[in-house]
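> Could you build all of it, start to finish, from the sequences and the hints given here?
Heads up: the protein sequence lines correspond to chains S and V, in order. The numbers in the first sequence follow the working numbering, run straight up by one, and end at 469. The numbers in the second sequence follow the working numbering, run straight up by one, and end at 469.
These aren't lab readings, by the way, just hints derived from the structure by calculation. From a predicted model like this one, the values you see are computed outputs, not experimental measurements. Misleading hints may appear alongside valid ones.
What the hints assert, rightly or not - Subject to a maximum C-alpha distance of 30 angstroms in a straight line, what follows is the list of computed DSSO-like cross-link-like pairs (lysine-lysine):
hint	chain 1	residue 1	chain 2	residue 2
1	S	323	V	289
2	S	272	V	368
3	S	304	S	289
4	S	368	V	272
5	V	368	V	323
6	S	272	V	304
7	S	268	S	289
8	S	268	V	323
9	V	304	S	304
10	V	368	S	268
11	S	323	S	426
12	V	289	S	368
13	V	368	V	425
14	S	304	V	289
15	S	289	V	425
16	S	272	S	304
17	V	323	S	289
18	V	368	V	426
19	S	323	V	272
20	V	323	S	272
21	S	368	S	289
22	S	304	S	268
23	V	426	V	323
24	V	268	S	368
25	S	304	V	272
26	V	289	V	304
27	V	426	S	289
28	V	304	V	272
29	V	268	V	323
30	V	323	V	425
31	S	466	S	368
32	V	268	S	323
33	V	289	S	289
34	S	304	V	323
35	S	323	S	368
36	S	323	V	304
37	S	425	S	323
38	S	289	S	272
Protein chains: 2
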Amino acid sequence: MKIPSKHIENVVEQLSSLPGIGKRTALRLALNLLNRSKEEVSTFAHSFLEMKQYVQKCSGCGNVSDTPVCSICSNPSRDHSTVCVVEDIRDILAIEATESYKGVYHVLGAIISPMDGIGPNDLNIDPLIEKAASGNVNEIIFALSATMEGDTTNYYLFKKINSFPVQITSLSRGVAIGSELQYADELTLGRSILNRQPFKIQG
Amino acid sequence: MKIPSKHIENVVEQLSSLPGIGKRTALRLALNLLNRSKEEVSTFAHSFLEMKQYVQKCSGCGNVSDTPVCSICSNPSRDHSTVCVVEDIRDILAIEATESYKGVYHVLGAIISPMDGIGPNDLNIDPLIEKAASGNVNEIIFALSATMEGDTTNYYLFKKINSFPVQITSLSRGVAIGSELQYADELTLGRSILNRQPFKIQG
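Right, here's the structure in full:
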């Protein structure tokens with residue numbers, strides 16, 4: 267594909283550097299932008315510059331935030347003695363959407379993935395150890411993806427904070443609510459039989 | 267989905283204004299950009315501004331170009347008496363990739379689509395009529411998509427230029443090369459029987 271404009275080609279190259287965007291899609295997006303007014307393109311481009319300039323890391327949890335302390339960490343009605351460990355902001359959005367959690371978060375920024383060259387040093391771990399050692403935290407919840415990488419990270423974190431007087435829990439694994447048993451995968455079904463729970467009438 | 271940063275939300279809004287990009291994908295892309303260096307984000311953002319500032323329309327064919335006249339129109343070895351009418355630059359890239367065409371192009375910029383509110387006045391038609399009337403063009407090829415909108419546009423253009431002494435042709439329609447007959451759609455197969463051609467040994 268030989269694009270007859272260096273400037274369009276630059277945009278295609280930049281857009282296709284994003285995950286999941288190929289050259290063909292990038293060209294479609296570039297032409298869409300080219301058909302917009304100068305003001306619209308300017309607004310589009312400046313949104314990225316402003317995001318990079320103003321978004322910072324919350325000093326409490328490491329989450330992205332417009333303020334030095336994010337709205338969850340600065341909320342006095344949240345339970346600051348319960349810390350939920352997640353990979354990134356998208357997990358926080360997912361958990362917040364459930365309205366089932368009133369504690370605070372700790373954002374690792376990544377999970378250990380040797381295949382992608384991500385080791386423990388690339389994770390935001392030290393502040394978590396400080397929290398565990400502080401005596402102000404009662405429970406740390408591991409809420410990472412149920413993958414090999416997530417399990418590896420859980421194991422690493424457990425080794426690091428196990429010696430402190432803090433309860434360590436993880437999300438329950440099992441058959442998803444609403445799913446038919448016959449379609450559950452073997453691993454999940456097997457685990458959910460081994461980890462069976464006392465029957466409770468759900469409120 | 268309540269994003270706890272106005273700046274990230276702006277980027278998500280801008281990215282999800284692009285065709286085929288939803289809010290969830292936009293957030294993934296925004297976080298990917300946020301993890302890049304300031305320089306990389308600056309290069310990313312400025313590519314759009316430069317594209318909008320420097321890309322112009324070729325005065326010959328209406329295609330996007332970095333120069334007042336595009337590289338195809340300014341190429342003396344192309345056949346300027348044959349004009350291929352296309353919707354946009356992507357069609358030119360597709361036809362150029364075949365290396366089967368040595369004429370020049372005329373870019374409409376859009377095709378008539380009442381559903382999308384696009385009428386004949388939104389198309390780059392007047393310069394095509396001038397070309398047809400000039401006496402310098404022998405053949406005009408309609409190379410629009412084989413859709414209702416493409417057919418409507420073909421019909422409209424035909425009415426406009428039919429009175430001039432110029433041959434009007436359109437791309438042949440039929441069973442795609444390499445496709446199995448049993449999987450060809452009825453409309454295409456029906457048309458390819460009606461428009462059957464003298465058998466030729468292809469060179």
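> Are the hints correct? Go through all of them and say.
To see whether the hints hold, each was checked on the structure:
Between residue 323(S) and residue 289(V) the alpha-carbon distance is near 22 angstroms, which keeps this suggested pair within the 30 angstroms criterion. Straight-line distance between C-alpha atoms of residue 272(S) and residue 368(V) comes to about 23 angstroms, which keeps the hinted pair within the 30 angstroms bound. Only pairs whose Cα atoms come within 30 angstroms are accepted, and residue 304(S) paired with residue 289(S) is accepted, the gap being roughly 24 angstroms. Restraint check for residue 368(S) and residue 272(V): the C-alpha separation of about 23 angstroms stays at or below 30 angstroms, so the hint holds.
A hinted pair counts as satisfied when its Cα atoms are at most 30 angstroms apart, and residue 368(V) with residue 323(V) qualifies at roughly 21 angstroms. For the suggested pair residue 272(S) and residue 304(V), the alpha carbons sit about 23 angstroms apart, so the restraint of at most 30 angstroms is met. Between residue 268(S) and residue 289(S), the direct Cα distance comes to roughly 11 angstroms. Compliance with the 30 angstroms bound is thereby established for this hinted pair. Only pairs whose Cα atoms come within 30 angstroms are accepted, and residue 268(S) paired with residue 323(V) is accepted, the gap being roughly 17 angstroms.
Proposed proximity of residue 304(V) and residue 304(S) is supported: the alpha carbons are some 24 angstroms apart, at most 30 angstroms. With a CA separation close to 16 angstroms, the supplied pair residue 368(V) and residue 268(S) stays within the 30 angstroms bound. Distance check on the hinted pair: residue 323(S) and residue 426(S) sit about 23 angstroms apart at the alpha-carbon level, within 30 angstroms; holds. About 25 angstroms separates the Cα atoms of residue 289(V) and residue 368(S), which keeps this hinted pair within 30 angstroms; it holds.
Among the hinted pairs, residue 368(V) with residue 425(V) is consistent with the structure: their alpha-carbon atoms are about 26 angstroms apart, no more than 30 angstroms. Between residue 304(S) and residue 289(V), the direct Cα distance comes to roughly 24 angstroms. Compliance with the 30 angstroms bound is thereby established for this hinted pair. Between residue 289(S) and residue 425(V) the CA atoms are separated by roughly 37 angstroms; this puts the pair beyond 30 angstroms, and the hint is violated. Taking the CA atoms of residue 272(S) and residue 304(S), the gap is about 19 angstroms. The hint holds against a cut of 30 angstroms.
Taken as a hint, the residue 323(V) and residue 289(S) pair is honoured in the structure, with Cα atoms around 22 angstroms apart against an allowance of 30 angstroms. Taking the CA atoms of residue 368(V) and residue 426(V), the gap is near 25 angstroms; set against the 30 angstroms cutoff, the hint holds. Between the alpha carbons of residue 323(S) and residue 272(V) the distance comes to roughly 14 angstroms, so the proposed pair stays at or under 30 angstroms and holds. Between residue 323(V) and residue 272(S) the alpha-carbon distance is near 14 angstroms, which keeps this suggested pair within the 30 angstroms criterion.
Under the criterion of a C-alpha separation no larger than 30 angstroms, the hint pairing residue 368(S) with residue 289(S) is inconsistent with the structure, at around 43 angstroms. Between residue 304(S) and residue 268(S), the direct Cα distance comes to roughly 25 angstroms. Compliance with the 30 angstroms bound is thereby established for this hinted pair. Of the pairs offered as hints, the one joining residue 426(V) and residue 323(V) holds, with about 23 angstroms between alpha carbons and a cut-off of 30 angstroms not exceeded. Our distance criterion of 30 angstroms between C-alpha atoms is met by residue 268(V) and residue 368(S), whose separation comes to about 16 angstroms.
The hinted pair formed by residue 304(S) and residue 272(V) meets the criterion: a straight-line CA distance of about 23 angstroms does not exceed 30 angstroms. For the proposed pair residue 289(V) and residue 304(V), the alpha carbon gap of about 24 angstroms is at most 30 angstroms, so the pair holds. The hinted pair formed by residue 426(V) and residue 289(S) fails the criterion: a straight-line CA distance of about 36 angstroms is larger than 30 angstroms. Straight-line distance between C-alpha atoms of residue 304(V) and residue 272(V) comes to about 19 angstroms, which keeps the hinted pair within the 30 angstroms bound.
Between residue 268(V) and residue 323(V) the alpha-carbon distance is near 41 angstroms, which puts this suggested pair outside the 30 angstroms criterion. For a cut-off of 30 angstroms, the pair hint linking residue 323(V) to residue 425(V) stands: about 26 angstroms separates their Cα positions. Among the hinted pairs, residue 466(S) with residue 368(S) is consistent with the structure: their alpha-carbon atoms are about 22 angstroms apart, no more than 30 angstroms. Between the alpha carbons of residue 268(V) and residue 323(S) the distance comes to roughly 17 angstroms, so the proposed pair stays at or under 30 angstroms and holds.
Only pairs whose Cα atoms come within 30 angstroms are accepted, and residue 289(V) paired with residue 289(S) is accepted, the gap being roughly 21 angstroms. The straight-line distance between the Cα atoms of residue 304(S) and residue 323(V) is roughly 15 angstroms, inside the 30 angstroms bound, and the hint therefore holds. Taken as a hint, the residue 323(S) and residue 368(S) pair is honoured in the structure, with Cα atoms around 21 angstroms apart against an allowance of 30 angstroms. The suggested pairing of residue 323(S) with residue 304(V) holds, with an alpha-carbon distance near 15 angstroms, which does not exceed 30 angstroms.
With a C-alpha separation of about 26 angstroms, the suggested pairing of residue 425(S) with residue 323(S) holds against the 30 angstroms cut-off. As the CA atoms of residue 289(S) and residue 272(S) are separated by approximately 14 angstroms, the hinted pair is consistent with the 30 angstroms bound.
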